[in-house]
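Engineer: All chains should be built: construct the whole structure from the sequences, respecting the hints.
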Amino acid sequence: MSGPLDGFRPASPPPELRNRVLAAAREAAEAPVPGLLELLLADRALRICFGAVGLLLIAQLLVDRAPHGAAPAIAPAAQDEAVIPSETGFTAAEQIDELEPAL
Amino acid sequence: MADARVLDVWILALATEGERVRADDLGPIVERVACGEPDALGPLYDALAPEIFAAALWRTGSRADAADVVQDVFVKIATAPALLKGVRHPRRYVLTIAHRAAIDRKRGARPDVSIDQALLLHASGGDAGRAVDAARATAALRELPAAQREAIYLHHFAGYSFRDVARITRVPTFTAASRYRLGIARLRAILGGSR
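Chain order of the listed sequences is G and S.
To get the working numbering, take the position in the first sequence, counting from 1, and add 1185.
To get the working numbering, take the position in the second sequence, counting from 1, and add 487.
By construction, these hints were calculated from the structure, which means they are not laboratory data.
Since the model is a prediction, treat every value here as computed from it, not as a measurement.
Don't take every hint at face value.
Unchecked claim - Okay, the calculated beta carbon distance ranges per label pair: (1) G:E1201 x S:G523: 22 to 32 Å; (2) S:G573 x G:R1205: 24 to 34 Å; (3) G:L1231 x S:P515: 38 to 48 Å; (4) S:R623 x G:D1228: 41 to 51 Å.
Said to hold, decoys possible - Only some residues are given here: those of chain S computed to face chain G with a beta carbon under 8 Å: (5) A536; (6) P537; (7) L571; (8) G573; (9) L606.
Unchecked claim - Sample of chain S residues facing chain G (criterion: CB under 10 Å; computed from the structure): (10) A534; (11) E538; (12) F540; (13) S611; (14) T625; (15) A633; (16) S665; (17) L674.
Backbone N, C-alpha and C fix where the C-beta goes; we use that ideal spot for every residue, glycine too.
Structural biologist: Written out as structure tokens, the structure is:
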């Protein structure tokens, strides 16, 4: 079956491209590999994230160091004359006699 | 009914296309590059640059962009040669890198800059009549979407199966086959109509 592209061949790269590409590749291979921190700092979004995290940490430290003030006074439990008998295992109806003097 | 028959034909075409898996003869060169031997980049360039350049040219439509894609690919390989370690189909893998690089390059290009009028193909013989045909075929190819052009190049000229074209361009196999067939059909229509 003959196709519309039979008898053609695709365009070739220009001959001078070889030297240019290989020179660029060798240069890139010899260049020092950037460290992880450099790679991270090269990214703008990551820099913003780092800044935000840093600010949050500073804010957290400031909040922790701030004086919290005196603890609120707790009112003492009200005192009265009533004496609640200890748990005896009886129902309230059964203990009514014991509770009577207190009431 | 007719749709079902067309679908059957397509499925049959995909199945019987044959696993035109290219014997990857790059093993020793790739091993050397993966081990960080800078001298191995030259043979690797000789083996791969024509395919990378043509694939990028058919994708981007610009010789300058295609040359930049070739450079991008080799710089990437040179800076991280371990990428090629253990790759079963280096040729296909490198074309996948080139495909991504070509897309990135087109994405970053200014829309007001028009693509150059470089020929995407040449006549195999040297006669002037075929050269005119090549120019006309190039003009027709430029009317196709870039993805269809790329599929045509990879399947027709580079000889990859639809499955491999799909892997290189990161689309389903059916999509790769569709792109090729639609592109060829449109090419026939354009070239037939202009005769």
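Engineer: For each hint, tell me whether it holds in the structure or not.
Structural biologist: A quick look at each hint next to the structure:
1. G:E1201 x S:G523: 22 to 32 Å: holds (26 Å)
2. S:G573 x G:R1205: 24 to 34 Å: holds (30 Å)
3. G:L1231 x S:P515: 38 to 48 Å: At 40 Å between Cβs, range holds.
4. S:R623 x G:D1228: 41 to 51 Å: holds (47 Å)
5. A536: Status holds, d = 5 Å.
6. P537: holds (6 Å)
7. L571: violated (13 Å)
8. G573: At about 20 Å, which exceeds the 8 Å cut-off, the nearest Cβ of chain G leaves the hint on S:G573 violated.
9. L606: Because about 6 Å separates S:L606 from the closest Cβ in chain G, which is inside the 8 Å limit, the hint holds.
10. A534: The hint is violated - S:A534 has no Cβ within 10 Å of chain G, the shortest such distance being about 12 Å.
11. E538: holds (9 Å)
12. F540: holds (4 Å)
13. S611: holds (5 Å)
14. T625: holds (9 Å)
15. A633: At 15 Å from the nearest chain G Cβ, S:A633 fails the 10 Å test, so the hint is violated.
16. S665: Violated: closest Cβ of chain G sits about 17 Å from S:S665, beyond 10 Å.
17. L674: It holds, given that the least Cβ distance between S:L674 and chain G is near 5 Å, below 10 Å.
Checked against the numbered hints given earlier, this structure breaks hints 7, 8, 10, 15, 16; the rest are met.
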